[in-house]
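All chains should be modelled from the sequences, with the hints used to inform the complete structure.
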Amino acid sequence: MFGSGVLKGLGVTLKEFLATYIDDIKQVPSRYSGGKEVIDQSNVGEQDGLFTIQYPEERRKLPERFRYIPMLLYETNAETDARDPRCTACGICAKVCPPQCIWIVRDKDENGKPITRPAEFYIDATICMNCGLCAEFCPFDAIKMNHDFEIAAYKRMPQLVFDLDELSVPVSYYARIRPTDYEEEEAARRAKESEKAAAKPVEKPAKPAAPAAPSSAVAASAPAAEVAPAAPGRRTPEEIERLKAEAAARRAAKAEGGEAAPAAPAPAGVGSKRTPEEIERLKAEAAARRAAKAAGEAAPATEAESEPAPPPAPAASTGRNRSPEEIERLKAEAAARRAAKAAQGDKE
Amino acid sequence: MTAPVETVMQTLPFNDAVPGAVLEQAKTGLVVAPDRVLELARYLRDEQGYDYCSMVTSIDWPQYLEVVYYLYGVAQSKEALVLRVRLADKGNPVMPSLTPVWPGADFQEREVYDMMGVRFEGHPNLRRILLWDGFDGFPLRKDYRESYYEEDSKPFKSRHPDGQHNWAEDRAPWKDNVSFPVGWDPDLWTSPQVEYRRIMGVDEGPRNGTDLRTERILVNMGPQHPSTHGVFRMVIAIEGENVVGLEPEMGYLHRCHEKIGERNTYIMNIPFTDRLDYISSMSNNLGYVLAVEKLMGVQVPERAEYLRVIMAEFTRIISHFIAVGFLFNDLGAYFTPALYGMRERELILDLFEGVSGSRMMCNYMRFGGVFADLPEGWIKRARELVWNRLPRVMEEFENLLSGNEIFLTRTRGTGVLTREEAVAYSMAGPMLRASGVPYDLRKVAPYSIYDRFEFDVCSRPEGDVWARFRVRMDEIYQSLRILKQAIEQLPEGPIMPPGKKQYQVRVPAGEAYSRIEGPKGELGFFVVSDGKPNPYRYHVRAPTFINLTSLEKMTIGHKVADAVVILGAIDIVLGEVDR
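From first to last, the protein sequence lines stand for chains A and B.
For the first sequence, position 249 matches number 238 in my numbering, and the numbering has no gaps at all.
Heads up: take any position in the second sequence, counting from 1, add 25, and you land on my numbering.
Keep in mind the hints are simulated off the structure, nothing from the lab.
Source: prediction; values computed, not measured.
One or more of the hints may lead you astray.
What the hints assert, rightly or not - Straight-line distance between alpha carbons at most 16 Å, and here's what the computed EDC-like set of lysine to aspartate or glutamate pairs gives:
1. A:K102 <-> B:E423
2. A:K4 <-> B:E423
3. A:K4 <-> B:E421
4. A:K144 <-> B:E194
5. A:K4 <-> B:E420
6. A:K50 <-> B:E378
As the list claims (entries may be wrong) - Derived CB-CB ranges, DEER-like:
7. A:P168 <-> B:G162: 50 to 56 Å
8. A:K50 <-> B:P519: 26 to 32 Å
9. A:L39 <-> B:Q218: 45 to 51 Å
10. A:A141 <-> B:D481: 45 to 51 Å
11. A:E46 <-> B:G162: 48 to 54 Å
12. A:N66 <-> B:W199: 42 to 48 Å
13. B:G535 <-> A:E53: 38 to 44 Å
Yeah, the Cβ is synthetic: ideal placement off N, Cα and C, and Gly gets one too.
So this is what it looks like as structure tokens:
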């Protein structure tokens, strides 16, 4: 019969229409009383009708491997509350990053010798393509992919250029969002530690403190001898044991008291838990830092900034073949512009 | 001690038939004299059975420009034959167009002209295809520098160890980042007008010996048009409701993927391939890693091979669900079938997210293996989908769509492409198989471990939109069949070859072209290495880009409304078309 195919199809849509309501009614008390904020979709395949999640009231349960913008992990020193970043500024993440959105400044000690610690660390979230290669190839488990995807902002600069402060999260946060990975890494680290501790006294009894981190990448980036024993990535076995115990205690506390106990006494709060005020404050601080730095570097240029900026030299406008000097000059100009802008903002 | 030139010439292939055409038998193919290439091409097609011109690309070597043709036989299955035409004069590289022999080379030769500046004599419509008319320069030449040029290759030195964040806009402020040709005055410039003389029949004069005729009207469908699946423009010449000429205009999403790829290191390209056909990123990953693995010669562990096949087949299901759903969108069945297709896709994307961390931009394959092993519970969910849910949904889809009389009336006999035309136009994938050519790379030239699975090649003789729909539906069943076998057989074991994970892979110098049966057709990756950390040349054979070549052929004679359906049946994804 002509038209039977159409009717059959309409029957399917009717069935779907009803099934959607039936599925929904089954969830009525829990879903609409506000008690079910995070929806675990792992059994959604058994539903017949349509399944939608009413974001932002409801949220999906994110899989552990979910990746968004990277974050930097730090351990918290129990005595001083100081942050001890895992990052050693070796630069592998910056080298493997496909869109080249990672900028790292390696720290220096008072003699000007580079040390294995980042002084500044930027990730440009407007460029980041969330590929996760940085986390995959970091030899120190220092950079990991965050789950926090709600980072919408009104301005690209400075809000979406995350600096060291904004990127830093305590290890406990990482252990919470990606427990499986965390446990695996800790187990591997423990295994390595015990191996090293066993091997050390036999091989080289002369050396008292063994470098804890895999040394090849560090050796490439910084002379190992210069590093103070307390520097990140150079923990002694005792320290590591202590940190591990702490982490275990933290985990235990959390398991008992849920979220009641703060994960870490970090002053600025943790990645996803930052309040808007804090973010504003951090942004302002970061901007001020940058401005101060730029002003320090380009002091003579800032003085000239009161009059209109000089027009670029004709040679500069070709774009295609810029000489290093020109680039330097442009950079200085840009820094001066930023500094002037920041200074203006302060006045207002 | 070199043999006399005459003797060498005589031992070269095809010297008897087309004397002097082949200049040299290189390891990577036959070097052909530019003036004899057309003759040789005719001979190869007519006498030797190389009826399928799969890929045309070009390489900018220091001494010359090289245009490369990859030929295959489809009617009688044949291995690759590579023709290479070397053009020493970079200022004015000219060679004859091979479109008279293989019409499928049309868009690809235009792309070579656009990107590398090689002029093809005798090409029917040689103008820029991805970039805008009036663009200056040829981006894939090695001396071309883009607006925000920083360095020739990544990683950039400014990032570490003194990596002060700065904006590209600050380094090269607006208006300083563009360069104008010498003597060019922006105030005097007007954009070039494309007249579409061919499809408007401007040069034809009065037809039927009389001036009394319907006026031809030029209609732009797109770039902002819901039926074009993205930013794509069909320039249609119509007489009344009838389409009499059509020209696809693309490139609105062009980002010079290949130039980016040449700046990147090898591993950096994997996440970029996700963005080609963004519906099926797993397949793109697979095609690219296979090409690089060909050069590297690594052995992929068993479990990784199975995981790759599982992901690729899930991707095919996703892609076909979307294709079928949106075909109905184009037919006016607004969003119900598309929504049902999307819903099943969500469940598969959940699986992808669980294993790779991202739903669409999976970035899952690595050279020699895959990124990560399956998380806990993954197989259980996959089994539930493959054994229970998807077969059930397919039944529902058949009930909903297959018997629908309106659908059948609209699609039967619409956009017919005969067997010969489909091969000549280098159609690939479901487009080719719907025209009665049972050519599936998983069977013809098995890659990965596809030779271990039992499945059928789906083919239909009709060659119309309905046949394309049917082939896609049937392929979902076949994909489920492969998935069942792969999940059952999935072995335990490592997912990467032994050794430390490398972020700087060593790729020996050479050239590799790998083609896989992507969901939308033959997806090829062409990689030339010179031993450095970055590929020297990186080219993507995008199936839907080349499938668009036949759009005009299929559409002429139909109504405007059918043009939408015919385009929908090609299943284009602009991320891949425009690259």
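Results for each hint:
In summary, the hint linking A:K102 to B:E423 is not supported, as the alpha carbons are separated by about 71 Å, beyond the 16 Å threshold. Under the criterion of a C-alpha separation no larger than 16 Å, the hint pairing A:K4 with B:E423 is consistent with the structure, at around 14 Å. About 10 Å separates the Cα atoms of A:K4 and B:E421, which keeps this hinted pair within 16 Å; it holds. Proximity of A:K144 to B:E194 is assessed by CA-CA distance (about 15 Å); at most 16 Å being required, the pair is judged to hold.
Annotation: proposed proximity of A:K4 to B:E420 holds, straight-line Cα distance about 13 Å (limit 16 Å). Distance hint between A:K50 and B:E378 is fulfilled; the C-alpha atoms sit about 11 Å from each other, no more than 16 Å. For the pair A:P168 and B:G162, the supplied restraint of 50 to 56 Å holds, since their beta-carbon distance comes to about 52 Å. Between A:K50 and B:P519 the Cβ separation comes to about 30 Å, which falls inside the hinted range of 26 to 32 Å.
At roughly 49 Å, the beta carbons of A:L39 and B:Q218 sit within the given window of 45 to 51 Å. Under the hint 45 to 51 Å, the C-beta atoms of A:A141 and B:D481, about 48 Å apart, fit the expected range. The hint said 48 to 54 Å for the Cβ distance between A:E46 and B:G162, and at roughly 52 Å that hint holds. A:N66 and B:W199 have their C-beta atoms about 46 Å apart, which keeps the hinted 42 to 48 Å range intact.
For the hinted restraint 38 to 44 Å between B:G535 and A:E53, the CB-CB distance of approximately 39 Å keeps it satisfied.
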